[in-house]
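S.K.: The lines below spell out each chain.
Protein chains: 2
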Amino acid sequence: MTEPRWLDEPEQRAWRSLMTMQDGLSEFLDRQLRTRCGLSDADYQVLAHLSEAPEGRLRPFELGGLLRWEKSRLSQHLGRMENRDLVTRERCLTDQRGAVVVIAPRGRDLIEVAAPQHVADVRSALIDHLTPAELRTLTTIGDKVRKRLAELEREQLDREQ
Amino acid sequence: MTEPRWLDEPEQRAWRSLMTMQDGLSEFLDRQLRTRCGLSDADYQVLAHLSEAPEGRLRPFELGGLLRWEKSRLSQHLGRMENRDLVTRERCLTDQRGAVVVIAPRGRDLIEVAAPQHVADVRSALIDHLTPAELRTLTTIGDKVRKRLAELEREQLDREQ
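Line order of the protein sequences matches chains A and B.
Take the first sequence: its position 161, counted from the start at 1, is 161 in UniProt numbering, and no numbers get skipped.
Take the second sequence: its position 116, counted from the start at 1, is 116 in UniProt numbering, and no numbers get skipped.
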C-alpha cells in the first residue's frame, strides 16, 4: 500500500475551515429556528420545499429528491411532522400505489413566519459578509463537489453491478 | 415590520450550493467510513481528536470544545463508543470531580486504518479539485463565518444577562 497523501498546510486549513463553518452554521440556524418557531432545520427544509410546490403538494420521491434524503428517513420524519399537524399525507388519485405529501395550514403559517427570520439569519451569519467574488467562488466550489459526488456515486453503482 | 431582504440570484445560488455541498459531503464521507470501518463520522471525529492528544487522553470539556458538541450529546456518544470498546472513561487523578476519556486499543486500530482512507475520500470528493486560490477563498470564508458566529453568540449571551 502506498503512503497516503496527507493534506498539506493550506489544504488542511481549507478543510478544517469548511468543517467548522458547516457545524457552526447548522447549529446556529437550527437553534434560531427552534427557539423562535419550534421548527428544526429538517422541518424547515421540508416545509420550504412544499410551500414552493404547486398547491403545496409533492410526491414523496420528489420531496426526497429535493432534500436528498433516503426513503426511510423521509418517511419517519414526515410521520412526526404529520403528528404535529405540519403536513398531511393523502392517497394519490392518479396512481393507486402512490401518496402525496401536502403542507397543512399550520405548516404554511409557521413557514411564513419562519422564512423572513431564517433569511435574516443566513445573511447575518454568512451572506452579508461575503464579497461578490467570494459568493461566486463558493458557488463554483459547490458545483464542482456536486458533480464529483455524482460521478463517485455512478462509479460505485457500476462496481456493484 | 420591514420587508425581508430575500436573497438575490447570486446569493441564492451560493447559499444553495453550500447547503448541497454540505449535505452531499457529509453523506458521502459518513457512508464511506461506515462501509469500510464500521465507524460513523461522529466516531471518527472523536477518535481523530483523541489519537492526536498526548497519550490519547483528553478531558471531556477539552474534547467537547474541539468537537463543538454540547455536554449531553458528548456524554451519550461516548457511552455508546465505550460499549463498542472504542474508548474508555477513567477518573482523573488530579481532580476528583473530573474524568478522562482515553482512546482504547480497538479505537486506535480502527482510526489508523480509517485515516488514510478518509483523507483519500476528502481529496477525491473535494480537495484535489480545487485551485490554490479556491482553497484560500474557502479558508477565508470559513474564518469570517467562525468569527461572525462567535460575535452572534456573545450578543445572545449579553441579551440574556
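These are calculated hints, taken from the structure and not from any lab test.
Careful, some of the hints might be misleading.
Computed Cβ-Cβ distance ranges for the label pairs, DEER-style [claimed, not checked]:
1) B:Pro132 - A:Ser72: 33 to 43 Å
2) B:Thr35 - A:Pro116: 37 to 47 Å
3) B:Arg36 - A:Glu9: 37 to 47 Å
4) B:Pro132 - A:Ala150: 18 to 28 Å
5) B:Arg136 - A:Arg34: 30 to 40 Å
6) B:Trp6 - A:Arg159: 41 to 51 Å
7) A:Glu9 - B:Arg68: 44 to 54 Å
8) A:Glu160 - B:Glu160: 32 to 42 Å
For lysine to any residue, the following SDA-like pairs were computed, each having C-alpha atoms within a straight-line distance of at most 25 Å [said to hold, decoys possible]:
9) B:Lys147 - A:Pro60
10) B:Lys147 - A:Arg5
11) A:Lys144 - A:Glu134
Glycine included, every Cβ here is placed at the ideal spot set by N, Cα and C.
S.K.: Against each hint, give a clear statement of whether it holds in the structure.
M.R.: To see whether the hints hold, each was checked on the structure:
no.	hint	verdict
1	B:Pro132 - A:Ser72: 33 to 43 Å	holds, 41 Å
2	B:Thr35 - A:Pro116: 37 to 47 Å	holds, 41 Å
3	B:Arg36 - A:Glu9: 37 to 47 Å	violated, 27 Å
4	B:Pro132 - A:Ala150: 18 to 28 Å	holds, 25 Å
5	B:Arg136 - A:Arg34: 30 to 40 Å	holds, 35 Å
6	B:Trp6 - A:Arg159: 41 to 51 Å	holds, 43 Å
7	A:Glu9 - B:Arg68: 44 to 54 Å	violated, 22 Å
8	A:Glu160 - B:Glu160: 32 to 42 Å	violated, 52 Å
9	B:Lys147 - A:Pro60	violated, 39 Å
10	B:Lys147 - A:Arg5	violated, 31 Å
11	A:Lys144 - A:Glu134	holds, 15 Å
Checked against the numbered hints above, the structure breaks hints 3, 7, 8, 9, 10 and satisfies the rest.
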